[in-house]
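What follows is the residue order along each chain.
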Amino acid sequence: MDTKSKGTNLARGLFSWFCYLLVFFTLISVTVYGIALFTSYGSDIFTQAERVIDTSAQLMIGELRELDTYKESASAFFERLYYNTRTSDTEKEKAREAANNSLYYGTQYLESISRDNLYCVIDYSTDPNGITSTNDPNWTPGTLPEDFNYLFVCEDRCVSIYHKFEGDTLGCVYSSEEAGSFYTNALTYTLDALRKDPLAPDIYFAVREEATSYYASNEIIGSAQNRANRLLFQLSLLVTAAVLFLLMLLFGIIFRRDRLLFTERLSVWMRHIWIEIKLLLTFVLFAAAYLLVFVSGSGFAAICGFCLVFLYIHLLLVDLSHNRRIWRHNIVHSVLRFISQARRNRRFDHIEYRKFLAMVIVLSGLVLLTVIVTVFAVIHGFKWRFLILFYGAIAFAAAGTLFWFGAALREDLRDYGILMDQIEKMYRGDLNAVNHITSASPLYGYAMQLNMIRDGIRIAVDDGVRSERTKVELITNVSHDIKTPLTSIISYIELLKAEEDLPPHVKDYVSVISQKAERLRAMIQDIFDVSKATTGNISLSPEHFDLKTLLRQTLADMDELIQNTLLQWRVQIPEDEYPVYVDGQRMYRVFQNIIKNAAQYALEGSRVYVVLVKQEGRALLSVQNISKHELSQTGEELTARFVRGDASRTSTGSGLGLSIAKSFTEACGGTFRISVNGDQFSVEITLPLEFQPGAAAAEEDNDTSNA
Amino acid sequence: MSDKKTILVVDDDREIVRAISITLEKEGYNILKAYDGLEALETAVTNEIHLIIIDIMMPKLDGLSAIMKIREKKNLPIIVLSAKGEDSDKILGLSVGADDYMAKPFNPLELAARVKSQLRRYTSLGDINARSDNCIVNGRLTFNLDEHVLYADGDPVKLTATETKIVELLMRHPGRIFPAEEIYSRIWNEPAYSAENTVMVHIRRIREKIELNPSEPEYLKVVWGLGYEIERH
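Chains A and B are the protein sequences, given in the same order. Using numbering that gives the first Met the number 0, the letters of the first sequence correspond one by one to residues 0 to 706. Using numbering that gives the first Met the number 0, the letters of the second sequence correspond one by one to residues 0 to 232.
Any given hint might turn out to be false.
Here are the computed lysine-lysine pairs in the PhoX-like style, where the Cα-Cα straight-line distance is at most 25 Å [unchecked claim]:
1. 208(B) - 496(A)
2. 220(B) - 164(B)
3. 25(B) - 4(B)
4. 25(B) - 208(B)
5. 220(B) - 547(A)
6. 220(B) - 595(A)
7. 25(B) - 506(A)
8. 83(B) - 470(A)
9. 32(B) - 115(B)
10. 220(B) - 208(B)
11. 3(B) - 72(B)
12. 72(B) - 115(B)
13. 89(B) - 68(B)
14. 115(B) - 208(B)
15. 25(B) - 496(A)
16. 531(A) - 595(A)
17. 627(A) - 515(A)
18. 382(A) - 277(A)
19. 115(B) - 496(A)
20. 73(B) - 59(B)
21. 547(A) - 595(A)
22. 68(B) - 83(B)
23. 515(A) - 83(B)
24. 531(A) - 83(B)
25. 531(A) - 89(B)
26. 470(A) - 89(B)
27. 496(A) - 32(B)
What the hints contain is simulated information worked out from the structure, not anything from laboratory work.
Given these sequences and hints, build the entire structure.
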């Protein structure tokens, strides 16, 4: 509802605005036309105006024959009669010359005018008594018959003109003897010629009041009528224009509010036009106005030109009065705002792409402007100084745009680089890497997010480290707290053992307690070791040695255990070199544990394979056996702490053996893998072999493939 | 001359002190008891004491501080007890002036052996050295090159001929690591065949005769991956 009324208001405003403009255009037209008339007529303008007014007045009265046009047409006929009735050729020639060649039409002309008008010419040039030529012999020359209202009499080189007024009274309206009296302009030359002509004929010419023939009526009455009609048309046009003008003025005044509302709306629309465009339009408009007013030479074009200028000034005033900060809305500002707006919501790639587009648009605009100005310059021949100045400005603007884009791009890419660096650093574990990207950068949001991620990771890592440390401390403290009472237990068991007079069954009990205490002691040590190893708290003292020797030593050391099992041990140690650089003590524990494991959990009577080989630049030790128990756990689970193949946990051992072996192997830079395939249980340990000239290439290949 | 040696046993756990006391009294020592660092210091200063067994973690004054204070006044063997059992603790204990170190839980019989060893070394080591100039002394081990006899804490150790040869070889080069092959070829004078097992068997036997705790040897050690040595003390 509201919008509808607004819409009608707007339409009314638009109409009112047009009226307002047209009023001013009319005023401008009138003024321009007036000035044009004044410049062409000078001071005669008032005489002209008087004539126009007189004619108009006569027309208003309605007597066609009183019009000057009628008189002039009649005079012209008289004139022509004079020239065309000359008999001799020389006379005719003379007369024609005197009449500037324009009034001679030949004898048929006489016929044409004789249809309606009466004439009688007495020529004395060849006969002193005169030769009379007339179109109506019955007519007494010098009288004015019925139905005729004008009589031209030329006797003795004197011309008199008579006019029949109302009531059939005949009055002399002109006599050339009365100097100074003026009848029509048309007769001036002829009268002069008559006066100078010694052989001037006597001429009588009567003009019929109402034309009977088409031809004659066209000549005298028709032309008058035409003139009158034209004048009437012009007058009615003028009146209509005046009425319209007044109407428009009225509309303009009545709907002034709507018009102002409309201009306000117009100003809002204009607000969105860049000042550069406005300036360009100004330039184009003034050029057009200049062309229209001064170059074209046409009055209408000039009026159009002035109207354009007026329209421009009007719009400018509207713009200036409503849009305070007209200069703010320029292309650069818009581009910048666009970018900053884009920066807020857009992704980095969008922002960069927009920047690039902005640059392209500005450059294209500059090129377009250059082309336009160049075309104008070629057409109108601008001064070269102006052109140089203009091209300089364009070049400066283009260079500035390019520089701006380059600098912005470089800055953004630098920030991008900073982020990439930080990500790389963080990837490598440097959680202290912080970026300091300014808030103006389009990457600021991402940078802050990255910093927050970093903080989050650091907190998580710190928490992890702290909790791991707490765990180690807990285990250390617990094992310490267990050790003290265990010391007492072991000590008193020893004292009990030393008692000699104990009954045998009590001795048996004591030995059971002793065994369990010993096992508890071993377990505590294992727990301690594994917790240290998994948290990377063990100190290594690596040495260069041959892994083969270590394996043999381990097997020799455990020979007793190995011989006591009901297993067949198949040991394959090739006579190759297995140079390694690891902690021998730790690796001994590893080998010891896996061999113990095999000895403890292999099925009685089955074979245990202990094989050492080289594989891809690493030493590979595998121990395979058939499990005594059905294995429900995976290899991964078996290396977890306190896991044992027999779920009932009836056998001895802490359940940490494989876990310790895995931890120690990994601490020494090796890999430890357990695979379970049915009852087939195998442990595979690899350790990097030390550099050897022959094996260099192969080793390097493997390093990279294992990394 | 009172043959009975006096030993001060310090631990905040009274049961442990009692157990140690009973064990050592059976061995024929006089025992003084203390239950914290200050008491230990007082007792050590006021009495004639030949050896101290002291725990590290104690109230009032901890074991290490007590050892340092006692060391200022007295020159006597000190055996440290600790529940920590880490290498770093062991090194710290020995560096402040302890002579031996025992990680809890320990076997009281081993402690008794260590006590005996320490007392021997402090009192009668000179006698052994005086017996012959042609001796190699390394800690509590002494090898008489003339007699081809190994003494541990002054007592001759009964070794077989092969064992003696191995011990002599190792004692002549304390700290040097001998691969099994080398030991085999030197002792048996024939190329090594299955040297590792043979040598290992002998090494284990020698250990049982000379080490206080054969499962944690202090002298005759396996250097894993390389060979065998008698560590220099």
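Each hint tested on the structure:
This hinted pair checks out: residue 208(B) and residue 496(A) have alpha carbons roughly 22 Å apart, not beyond 25 Å. With a C-alpha separation of about 16 Å, the suggested pair residue 220(B) and residue 164(B) falls inside the 25 Å cut-off, and the hint holds. With a C-alpha separation of about 13 Å, the suggested pair residue 25(B) and residue 4(B) falls inside the 25 Å cut-off, and the hint holds. Using a Cα cut-off of 25 Å, the hinted pair residue 25(B) and residue 208(B) holds, with the two alpha carbons roughly 22 Å apart.
Of the pairs offered as hints, the one joining residue 220(B) and residue 547(A) holds, with about 19 Å between alpha carbons and a cut-off of 25 Å not exceeded. For the suggested pair residue 220(B) and residue 595(A), the alpha carbons sit about 21 Å apart, so the restraint of at most 25 Å is met. Taken as a hint, the residue 25(B) and residue 506(A) pair is honoured in the structure, with Cα atoms around 20 Å apart against an allowance of 25 Å. Taking the CA atoms of residue 83(B) and residue 470(A), the gap is about 16 Å. The hint holds against a cut of 25 Å.
Restraint check for residue 32(B) and residue 115(B): the C-alpha separation of about 18 Å stays at or below 25 Å, so the hint holds. Distance restraint check for residue 220(B) and residue 208(B): the Cα-Cα separation of roughly 14 Å lies within the 25 Å cut-off, and the hinted pair is therefore satisfied. Simply put, residue 3(B) and residue 72(B) have alpha-carbon atoms about 22 Å apart, close enough for the 25 Å limit, and the pair holds. The straight-line distance between the Cα atoms of residue 72(B) and residue 115(B) is roughly 23 Å, inside the 25 Å bound, and the hint therefore holds.
Simply put, residue 89(B) and residue 68(B) have alpha-carbon atoms about 19 Å apart, close enough for the 25 Å limit, and the pair holds. Between residue 115(B) and residue 208(B) the alpha-carbon distance is near 15 Å, which keeps this suggested pair within the 25 Å criterion. Pair hint residue 25(B) plus residue 496(A) holds up; C-alpha atoms about 13 Å apart against a cutoff of 25 Å. Simply put, residue 531(A) and residue 595(A) have alpha-carbon atoms about 21 Å apart, close enough for the 25 Å limit, and the pair holds.
The suggested pairing of residue 627(A) with residue 515(A) holds, with an alpha-carbon distance near 24 Å, which does not exceed 25 Å. Simply put, residue 382(A) and residue 277(A) have alpha-carbon atoms about 24 Å apart, close enough for the 25 Å limit, and the pair holds. Simply put, residue 115(B) and residue 496(A) have alpha-carbon atoms about 20 Å apart, close enough for the 25 Å limit, and the pair holds. Between residue 73(B) and residue 59(B), the direct Cα distance comes to roughly 21 Å. Compliance with the 25 Å bound is thereby established for this hinted pair.
At most 25 Å may separate the alpha-carbon atoms for a hinted pair to count; residue 547(A) and residue 595(A) meet this at roughly 18 Å. Distance check on the hinted pair: residue 68(B) and residue 83(B) sit about 22 Å apart at the alpha-carbon level, within 25 Å; holds. Restraint check for residue 515(A) and residue 83(B): satisfied, since their Cα atoms lie roughly 21 Å apart, inside the 25 Å limit. Simply put, residue 531(A) and residue 83(B) have alpha-carbon atoms about 13 Å apart, close enough for the 25 Å limit, and the pair holds.
With a C-alpha separation of about 17 Å, the suggested pair residue 531(A) and residue 89(B) falls inside the 25 Å cut-off, and the hint holds. Annotation: proposed proximity of residue 470(A) to residue 89(B) holds, straight-line Cα distance about 23 Å (limit 25 Å). About 24 Å separates the Cα atoms of residue 496(A) and residue 32(B), which keeps this hinted pair within 25 Å; it holds.
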